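Given chain R, put chain L in place with the hints provided.
For the record, the sequence lines run as chains R and L.
In short: position in the first sequence from 1, add 2, done, that's the numbering used here.
In short: position in the second sequence from 1, add 2, done, that's the numbering used here.
Errors might be hidden in some of the hints.
Claimed, not checked - Pairs of lysine to any residue, SDA-like flavour, derived with a Cα cap of 25 Å:
no., chain 1, residue 1, chain 2, residue 2
1, R, K305, L, S99
2, L, K224, R, F206
3, R, K15, R, F206
What the hints assert, rightly or not - Partial list, computed: chain R residues near chain L (C-beta under 7 Å):
no., residue
4, I41
5, D94
6, P95
7, A126
8, S282
9, I291
10, V310
11, P316
12, S343
13, I355
No wet-lab data here; the hints were simulated from the structure.
Given the structure is predicted, the values throughout are model-derived calculations rather than measurements.
Even for Gly, the Cβ is constructed at its ideal location relative to N, Cα and C.
There are 2 protein chains.
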Amino acid sequence: MKNILSFTSKHPKAQAHAYSAICAEQESIGYYALPEQDISPILEYSKSISDDIESIIVIGIGGSSLGAKAIYNFIKPVKSLKRKLYFLETTDPIEISDLLSNIELKKTHFLVISKSGTTVETFALYKYIYSLQSDPSAFTFITDPGSPLEKYAKEINASVLHLPDNVGGRFSVLSSVGLLPLALCGIDIQALLDGAKHIKQSFFNDGYIKETLLKKAVFYAKNHARYNINCIFAYSESLKYFCEWYVQLWGESLGKKQRHSAFHVGLTPIGLIGPKDQHSFLQLLADGIRNKSVTFIKIENIKDGICVPDITLPHLEALDSLNNLPFADLINMQCDSVIESLDAEGNIPLDTISLSRVSEDTIGGLIYYYELLTSLVGELMDVNTYDQPGVEAGKIILKEKLSK
Amino acid sequence: MKNILSFTSKHPKAQAHAYSAICAEQESIGYYALPEQDISPILEYSKSISDDIESIIVIGIGGSSLGAKAIYNFIKPVKSLKRKLYFLETTDPIEISDLLSNIELKKTHFLVISKSGTTVETFALYKYIYSLQSDPSAFTFITDPGSPLEKYAKEINASVLHLPDNVGGRFSVLSSVGLLPLALCGIDIQALLDGAKHIKQSFFNDGYIKETLLKKAVFYAKNHARYNINCIFAYSESLKYFCEWYVQLWGESLGKKQRHSAFHVGLTPIGLIGPKDQHSFLQLLADGIRNKSVTFIKIENIKDGICVPDITLPHLEALDSLNNLPFADLINMQCDSVIESLDAEGNIPLDTISLSRVSEDTIGGLIYYYELLTSLVGELMDVNTYDQPGVEAGKIILKEKLSK
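Just chain R, with the same shape it has in the complex (with noise of 0.2 Å):
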């Protein structure tokens, strides 16, 4: 991964105080130790999973689903899969029907996925599920241990797996919750892991990527006010994906009270793809209100070599210029045109990641980036990143709704 920022922020203490804080949070918040773990017991399990299996459906929402199928979608146009992988996410009727009807359920495993095992739309799914299919052999638990859910996996004897010690939902995806999912669909979770393990050692070894996390943080907690929005601008279809987990991490981890005041901070996520996106947000980018902050990401070596072909059609033989050129280079062409003409304008903070290609350990290196720098803006934002009190008043009104 390289990234390049085209603004500066010199606040060599703030950057201090953020990187000591990081280090020592190591001790209390779980996600930092995932990139270490032994992956034995989760990839043991999935071999127990029958071959005959086609289909993987997680029952889960929000850290539950995202992480997953960020890597899935991302891993999936590039590599044959040994399975499918789908979400049951929502309550909605209609896509719940949808889904089903596309899927045998012989042929499908569930796994359960809830941290706390209350989870209103997973067990509104779960209960419609069993409905369907009891064969508890036909489901995975994964909650925290203790947790009521996982005292009903055991009465009816389905396997549970249990998440880490202080793993928040949202920062769960290189723990069971996502890497289960993913080993049964063939994906390579120990890649997934080196390429997350390759930034984190990066960061807290004084590599490349701590000047860049830690000036892009900073900029952006200093910043915070007249750059409340934060896009990234993806340029490829496989991205979108991780977009929708970038916007969960980032919106809940920071739309927050601060803990020493009576403010509302937040840092908003917006995700974006190219060259799609040009012929939508583009044009709010360029001539809007300067209140937003946009990170690039492309990819240098996209396999896939097809071509525009060598034909010049009547009337448009101004259009021959794309003639031979690799769609995988004219999509990079079209980015660092977009990226040229807002650096013109001056004051619009923007960044470029590029990944080197489609791959485990590129999207693990990605993920773990912005974590930490969601860790480090949390930081410095003096917000706690990892809980999220705002969505318990919606809970509440929903009990006492369900309850009359």
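Frame of chain R, contents of chain L only:
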């Protein structure tokens, strides 16, 4: 459609100004008249496409694809359609190859849509497809009269349909651009226009929607600095692509330099889907910085009758309150609970749009509602709602790169 606002806005002069400006604009801006168009030429033309054709692929980007995509994906889950509709709207080679591997070329008809007739993405893709399938009868071209693309199409004896005068890309969904692909799939395009006409008449003939739209537009414009982000929170997976259409319409229309100042202004659109995004973005809405308005969209009568089964799970008896509940009721209870929880905060401008059901007329009405709202806010923000000058710089840079 019902639309209830939680905020008040007492600016009768601004309302009257915006209303009369929009009334006057009907002379020069083409989209206003689309609900009354005669669709028989489109229906006639779509009958000429062979019944052997199973797939329609739109080659088009931005305004040429987002509208049809929104409507197709809204209707598809509830109606058995005649053909499948796909969109080639990226230069990402991985995505192009992936899409083409799923269709049979001989049973596919291509709609090449480009207003200007010179869109880089569209022609790179068209050339590629043409190298695989060079039969002119496999293509229909939709473009402005007299464009180079029309001349080309005539040269190869392919069919051409025109865009109506003065209809910009992002306001073109109810023209041939959206109507032809939808008609080819068996979507009732007359019902779509009737839904739009209903909203149009209600607005221009002092109906119920006039007051709401004017209040909302004036509130958004007057508070553009404070509430600079406008979220749609739609409680239906099938509105996912409607949200993408909204993002283009809102962002590209309103993100501008003002007509009579040097100011950059703009309102930032965000599309959210419930309940999924309760587990992603809601925390930021609830506890984060107060710079967002939220419009909830719910569907009152979802036909699909699946229920949470009456099953008690040992150790999870607390979830029995879900039993026997239709999912259609659960999703709307979740929406209401989130509305109540945010409304209790007091300083988040909320409103709710209720659609009576999933059908062509409701989505047609919703689209026209948002087009009117965009025109009103654009007028009040002193921008040219209908151009997109900010995207030109990137196009020029790309052209230079390509010519090297």
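Hint-by-hint comparison with the structure:
no.	hint	in the structure
1	K305(R) - S99(L)	12 Å, holds
2	K224(L) - F206(R)	48 Å, violated
3	K15(R) - F206(R)	17 Å, holds
4	I41	26 Å, violated
5	D94	5 Å, holds
6	P95	4 Å, holds
7	A126	5 Å, holds
8	S282	4 Å, holds
9	I291	5 Å, holds
10	V310	5 Å, holds
11	P316	5 Å, holds
12	S343	4 Å, holds
13	I355	17 Å, violated
The structure shown violates the earlier hints numbered 2, 4, 13.
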